[in-house]
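Novice: Chain by chain, the residues run as shown.
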Amino acid sequence: MTATLQGVFGAASARPLTAFGLVFLLVVIVFALASPLIAPYAPLEIDSLNRLVPPNAEHWFGTDHFGRDTFSRVVYGARLALLIGIGVVGFALMTGVPIGVVSALYPKIGRVLMRGVDVLMAFPSLLLALGLIVILGRGVANAILAIGVVYLTTTARIVYGVALRLREETYVEAAQSMGAGTIWTIRKHILPNMISPLLVQASFVFAFAQLGAASLDFLGLGTPPDIPSWGNMLAESRLYITRAPWLLFFPGMMIALTAFSLNLTGDALRDHMDPRFREAMGSRKRM
Amino acid sequence: MWGYILKRTAAALATLVAASVLIFIFIHLIPGEPAAVMLGDAATPDQVAALRTRLGLDEPLFVQYFYWAGSALQGDLGRSIFFDEPVTSVIADGAQTSILLASITMVWVVLIGVPVGVIAAMRRGSWLDQGLSGLAMLLASIPTFWVGLYLILVFAAQLGWLPSSGYPSIFEEGGLANLRYLILPSLALATPNAALILRLTRASMLDVSKEDYVRTARAKGISPRQVTLRHILRNALLVVVSAFGFTFAALISEAVVTETVFALPGIGRTVVQSILRRDYPVIQGVILVIVCLYLVLNLLVDISYRFLDPRVELE
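Top to bottom, those sequences are chains Z and A. In terms of this note's numbering, the first sequence opens at residue 1 and continues consecutively. In terms of this note's numbering, the second sequence opens at residue 1 and continues consecutively.
Hints were generated in silico from the structure; no laboratory data involved. Zero decoy hints are in this set.
Distance ranges between label pairs, derived from CB positions: (1) Z:ASP226 / A:LEU73: 39 to 49 Å; (2) A:GLY75 / Z:VAL30: 52 to 62 Å; (3) A:SER89 / Z:LEU37: 53 to 63 Å.
Straight-line distance between alpha carbons at most 25 Å, and here's what the computed DMTMM-like set of lysine to aspartate or glutamate pairs gives: (4) A:LYS7 / Z:ASP118; (5) Z:LYS108 / Z:ASP118; (6) A:LYS220 / A:ASP207; (7) A:LYS210 / Z:ASP271; (8) Z:LYS188 / Z:GLU173; (9) A:LYS7 / A:ASP309.
Over the 10 Å line for every Cβ pair with chain Z, so calculated as not near, a few chain A residues: (10) ALA42; (11) TYR65; (12) VAL110; (13) LEU111; (14) ILE119; (15) ASP129; (16) SER209; (17) HIS231; (18) ASP302.
Using N, Cα and C, we set each Cβ at its ideal position, and we do this for glycine too.
Generate coordinates for the entire structure from the input sequences, incorporating the hints supplied.
Specialist: Have a look at this one:
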């Protein structure tokens, strides 16, 4: 774990792009945690005298058709981006890791579980998420769940691949031949060795969750419209793109740069990972 | 070889059956009485009862599944509640646009992604390579609808070169010139996918260049250009081509967003509208058709891959 993190910071100093990614992610986190302190206006504050005002000293990123301050809404939007990312990654890990580990250690159960994962993977990502939204309904938690199911599959596949490799390691065989129980083996050998592949997967899933959530928002099937998410801001900007192009620029930039930074971090982490596991990390699925 | 094809086809069929069960169950997982939900608040109890009977919702679940799957095998995917016409014809209406859009997009993806990926790999580690790889990563991180809206802003609204929305069929008035309606949408859809193919081509070239036979070829004194073209590129493209099937199927599903941005009459937009209209038979039908397409394409890719590289084993 520490070696992995050292790897990232080492890579960051060698690769300026990775450094940029880490700094940008820090900005998003600060935006999310300290939004009321940073945002000059409330995100829903309507100012009918200042509608569609271009960026200026008072409104850095301009205002929208209700006169709401775009910069403040971008800052508050970071909260939702973080929430969706953490939610989707959390869900994918909490479901994908047990499925992958159990499947690798108990081949009989594994055959059934991994077939189930294959079936879910036969659904193109966005369609699977849309289908789940139809069942669950619109909302933040439901968007997290719908996108989470998509990445449960890739996570389970990767964990399964890594766990299969680990099972064959001499030290795991040695532990088992000395009478170590399965739970003990999982806790002492399998999970600790899985942290770096999981960190890589987590950063990619976090990135794709941003794009998936933005797509759902854009289609009007994600975050409820009264919540300032970057996707919702883009969806609303559609009607004003010629009159107020800044409404299109800033939220889109935030989504793209957040996903970009996470992808850069994921790549840097992967380059510093044990080469044995790199193969298992093959599958990347964009929404 | 035949054993491989048989096994692989059987696996795909099993996946399809399991997926069809999920697609079938989907309608029953929606909270509330499906018939009432589909008809909306204004429906009378009689109408709800009639729709229940029409959809066969009074039968036991597994009977309903066999009925539904049996009809689907005969090309009957039920009737759209909103259009009151067969789901198959609703899908057929949109399919032309979606397939054309995906095909044009695929052309951009191949024309841009593969050559640029090869160039990046040949100049490995150079500023050019780092720049291109970084750019590809950035483009792969951009939402397609954002690209689409910018293309509309610049090329349709400001320059007025291309239309911003809609698509009259090439079989209608205007003929092939109507393809200009698909230029901006296909470029938007191609952006992240070309970037992903670029990265894949580059990575695959670098992988192959480490192979023993490449070293042997170099040792024999073959010119670097020949080694790159004949030994590395050919084998590297095998991996890239195998990703095309997956990419094409993914395009049809990603087109959901692009078709909405450009108001194209494709099946992706039909899905979104059907979700808003609660026209569940259409949603079920479209998802079933796309999953079929996806499985068939992957099957074909796997089999052709095996033909091209006999070392591949069934896992």
